[in-house]
Amino acid sequence: MAKHILSCTVNGEAVEVLVQPYVTLLEALREDMGLTGPKEGCGTGDCGACTVHVDGRVVASCLMLAMQVRGRKVRTIEGLAGTGALHPLQDAFVRHGVPQCGFCIPGVLMAAAALLEENPRPSEQEIRYGIAGNLCRCTGYTAMVAAISEAAGTLASPRSAR
Amino acid sequence: MSTMKTTRDVKGVGVSIPRPDGPEKVTGRVQYVADMQPKGLLHAKLLRSPHAHAKIVSIDTSAAKALPGVRAVLTAKDIPHLKKKAPTRAHAVLAIDRVVFMGQPVAAVAADEPSIAEEALDLIKVEYQVLAASIDPLKAMLPGAPPVADAGTEADTSEALAHSAVAIAKSEAPAKAVNISQQARLQRGDPAKGFAESDHILEKTYRVPMVHQGYLEPHAVLAEWDRNGLLTLWASTQGSFNTRSEVADVLGIPENQIRVIPVECGGGFGGKIRALCEPITAVLAQVTKRPVRYVMTRREELQAGMPAPQVIIKLKTGVKRDGTLMALDAETVIDSGAYSGAVLAVSAVFLGSMYKWPSFDVRGFEVLTHKPSVAAYRAPVAPQTIFAIESQMEQIARDLDLDSVEFRMRHLIQEGDPMVNGQPWQNNGAKQVLSRIAEHPHWKTRKQWVTEGKNGKRRGVGLALGGWLGGLQPTGATVRLNPDGSLAVLTGQVDIAGTNISLAQIAASAYGVDTDLVRITTGDTDVAPMTGLSAGSKTIYTVGAAVLQAAEDARRQTFEIAAAELEASVHDLELVDGKVTVRGMPDKGITLATIGKKGNLYMSKTPPVLGKANPAFTQQAPGFAAQLARLEVDADTGEVTILDFVIVQDVGKAINPMGVEGQMQGGAVQSLGMALTEGLLFDDSGRLTNPSLLDYRKLTAADLPNLETIIVEVPAPAGPFGARGVGEPPIIPAPAAIANAIQNATGARLTELPMNPERIALALVNGKH
Amino acid sequence: MRRFDLVLPNSLEDCLKILAEHGGRAKLVAGGTDLLPQMKNGVLKPALVVDLSGIARVRQVQNGNGLRIGAAVTARALELSPALRGAYLAIAESAAMVGSLQVRNLATVGGNLCNAAPSADMAPPLLALEAQAVIAGPGGERRVPMADFFTGVRKTVVAPNELLVELIVPPPGAHSGGQYLRHTPRRELDIAVVGVASQLTMADGRCTKARIALASVAPTPVRATAAERSLEGQAVTPEAIERAATLAIEAAKPISDQRGSVEFRKHLVRVLTRRTLTTALQRANT
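In the order they appear, the protein sequences are chains A, B and C. In terms of my numbering, the first sequence opens at residue 1 and continues consecutively. In terms of my numbering, the second sequence opens at residue 1 and continues consecutively. In terms of my numbering, the third sequence opens at residue 1 and continues consecutively.
Any given hint could be a false lead.
[Unchecked claim] In silico EDC-like pairs for lysine to aspartate or glutamate, Cα to Cα no more than 16 Å straight-line: (1) B/Lys-77 - B/Asp-97; (2) B/Lys-39 - A/Glu-31; (3) C/Lys-266 - B/Asp-636; (4) A/Lys-3 - B/Asp-97; (5) B/Lys-39 - A/Asp-32; (6) C/Lys-253 - C/Glu-263.
[Said to hold, decoys possible] Covered stretches of chain C (in silico footprint by chain B; criterion: 3 or more residues with CB under 8 Å from a CB of chain B, positions within the stretch not fixed): (7) 77 to 85; (8) 114 to 122; (9) 179 to 187.
[To be verified] Label-pair ranges, simulated between beta-carbon atoms: (10) B/Leu-41 - C/Asn-41: 19 to 27 Å; (11) A/Ala-146 - B/Pro-418: 40 to 48 Å; (12) B/Ile-201 - C/Val-262: 34 to 42 Å; (13) A/Glu-126 - C/Gly-173: 29 to 37 Å; (14) A/Gly-84 - B/Val-527: 33 to 41 Å; (15) C/Arg-229 - A/Glu-126: 52 to 60 Å.
Just so you know, the hints here were simulated from the structure itself, not pulled from any lab data. Just so you know, even glycine gets a beta-carbon here, dropped at the ideal spot from N, CA and C.
From just these sequences and the hints, can you work out the full model?
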């Protein structure tokens, strides 16, 4: 099997890597590009731990073949914060004590970030549905919802720093 | 030892300080085993049995070995030096001549890529002779059932001893019931007479299937041997010392030859205590002389993990019309899968010990079946047991038109009352949490609230009470004063619940500095003091106590050094803002940094401050929780919507309230899943029919409301600052609370979990209301 | 996954050439949400995978006289598409229920149909709206009505050297409304225990056309034709709806499996038919 050249943009940077044709986007990110933030919790699209953005939309990266993102833009948890400071969602998660074991967190944050980009003032129900594709076994979701709600307020307020 | 200590005026115990590892978790920087990529890494895969019970006739690995990129293919024949008869599942590294559950490892491959390893598995040819299997525990416990255990092995009760620490009386095994691996019987008084004098007798059978702990990170381990023959294991584990001991025993090598480094654990909940993948990964690493990593797939986790046991409880209660308790008869059958390991004693004890039954006969059996063997799951068998007894108590109250809370309160045990094994209940907050939940507006307004259902939905409110005895395990800790006046605390305790920040707060408060100046290091088995499992709701209770004592020891040493320097008595000294001064003379003092530096200077006569503690414990500290659910049922489809859920828990002292709340909510949601949607469903051949997260249904954020938490503090006499263990109590009452709310909403008393829409809808259709 | 070769055609023509040569040993991947799990479980072990994401033709939704939906349009795009309103709403509703957001941004309507699980959510509304499948092959394009598209569990009329390119949904006429409902134990990340799509077209207070399609109660999605006939030409009263809901059970031949028993599935057919007919009527009359 010949390797393919994958050219795409990852976290704002142009990337060119050789990948096996049979690796998933998740595997290519983790093994070939050193971005171990997205996790494999199930491999079948049923847990959300592998959530990344492709062209601004949340996807289960365990269900995409790496070559399917050729020419496209990928964003992982490593690219959520700008240079330096934490994204308001990350900051809110830390202050609310959200991460316990931490395994679901990168996926949840990517889902929450996409939610707020599309719907800056979500209701509690909209937040819950926005992260409904992300399973968490440690927290029971309540603190997550509170943190996302608070971050939405921060992002939506005119004086917020991005 | 110390009991209640006043907090010195520092930022310490009682403050909701966010965990310091938050930033690395929200940025994806924290490393789990699957993220580690050492040079030369090989990937392991296991070939697993497709049959629940079969003889292995032959295995041909030649084609697999010939596949380019494959570095090793092993079967039991290749590791003859390992134990022949497997007393525990961990010892059955690869099946020798027989497989006893579907999914049992039969061969192991290490290859350059996971894909190559998968293809290698396809090329291994195994010939099986399928044998009759014992799948249903009620059939398996009868004489003549297909036997599970190898003849001559003992039932392995190590798990039971680790978790329950409850003594139970043994009784004789029924003759020739080959699959009964543990049993217990506890009796008091004359139940037959009690039943004869009862006005209300209720007999129900409660069933809970096997459930998976559901941690999001599958089992993962990385193994590498160095040139001196020392094995290093990077493991996702709840107990590095336990892992080391088990692996040493399985491989037959000294413990000093193994170093277990606990890597960030992506959830354990009891499922990552016993060794599972470590031995075979270590063997592959030894044979290939390369680092080898094994990460279970989710399918493997569900098919061949170490789930919670199936529990079947036949419960018969006798009560007088006015609610006087007369007699209780119970039989618990716990399906432990192919190897013994259930915490039988817990169920037997809790059935009869929550309320004061004047007479009882409680029998418990652990039964082996040809299914994956079990391990602990957060308060092992307690949610299932409390589901039974709290459903039963509620139904009695309904039938006799008694108030749910008053009926329980009237009979609830208190400190000093005997448990069914004769041991006295320790100090606990059962009455306090029950009173507190009864005061909640959701409880007080329930009669009106249930009448206000809209769109044809039926509303119900239900509550339940449960508790955990609290684990004990010896441990150790050190506290070091750094040359800059900060503290370094060393334990071996794996932090799975955010306990490290709480330990830092305890050290800070006990020593006398702000928590910001304290750093906790979790050492591996080479460097840390012995420590026990991060399980059993005992980390704060035991390791917290060790850290408290070590910090006090360090404080004592610090004051002795200061006293000598200042030519004062230790009794006249105080520590404020990093400086030890003579009380009333703030200018006469010496900073912690100075003391720390003096202990590390060339030719110095001042010793380094090194506080140490290595306690063992005798007094358990039970933790109780009461939970309430308000829900709606769609009577046509059976769908349940939980609108409100309240958790009241006695934590003794909330060292870190934010962390405690996280435990309360997380634990409750786990057993809400057990209540409504979860179950490992095996068919008659022992095959798991739902080996994916699509069909093994854990609750999503859209299925749940905000969970309200109310912390109650009834100090534990021997707990650090009065703290009790927190992790397990919140998982216990939820299934019963939900069952009681569904009964309130629909009239249907469901006794089999999960109470999924099908069971509810058909109960209503078939007129069980 | 086991190893395989991957080809990335840039056009429908290229794709058909590849399928002509390799069709028997190849699998097509669009969203991958059904294919990859099956490959990871070892159910499918193709030596060659053909990625459809470079083919433009299959990715558009057009609303003219009726709808043309490209086979590779994602569930999420259908969920949000302004073209799928009014009489076509049931298609958007079914798309909105697939998996989770992370899955809907990948899953395609073509994949959902070609994978042909009995529980495929997007099949019932397309059946109820009498869509046609446009299938490209070596001899050109052919159209197959949805009613003839499915031939068994995970089996369709699409041959190994063919590709589903688009769906054509004829305009249902004025005063037509429909709904798709399914029952699942969880609110997301789930799969239909039973799914029902009802589509009613009304004129002068009477039903001129009724279509009821069921998922997860037979090897393929099926139409409840006896129930449909009981409504056509009638006023759609609550009694008529109840009668149709009961008749719909006749079309259901469910099995008992770990997702649901025969008894529960039949019960749900009645409940969901009743509910979707009630809503379809409201929508038809607005």
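Taking the hints in turn, this is what the structure says about them:
no.: 1; hint: B/Lys-77 - B/Asp-97; result: holds (10 Å)
no.: 2; hint: B/Lys-39 - A/Glu-31; result: holds (12 Å)
no.: 3; hint: C/Lys-266 - B/Asp-636; result: holds (12 Å)
no.: 4; hint: A/Lys-3 - B/Asp-97; result: violated (42 Å)
no.: 5; hint: B/Lys-39 - A/Asp-32; result: holds (14 Å)
no.: 6; hint: C/Lys-253 - C/Glu-263; result: holds (11 Å)
no.: 7; hint: 77 to 85; result: violated (count 0)
no.: 8; hint: 114 to 122; result: violated (count 0)
no.: 9; hint: 179 to 187; result: holds (count 4)
no.: 10; hint: B/Leu-41 - C/Asn-41: 19 to 27 Å; result: holds (25 Å)
no.: 11; hint: A/Ala-146 - B/Pro-418: 40 to 48 Å; result: holds (44 Å)
no.: 12; hint: B/Ile-201 - C/Val-262: 34 to 42 Å; result: holds (35 Å)
no.: 13; hint: A/Glu-126 - C/Gly-173: 29 to 37 Å; result: holds (35 Å)
no.: 14; hint: A/Gly-84 - B/Val-527: 33 to 41 Å; result: holds (34 Å)
no.: 15; hint: C/Arg-229 - A/Glu-126: 52 to 60 Å; result: violated (42 Å)
When the structure is compared with the earlier hints, violations turn up for hints 4, 7, 8, 15 and for no others.
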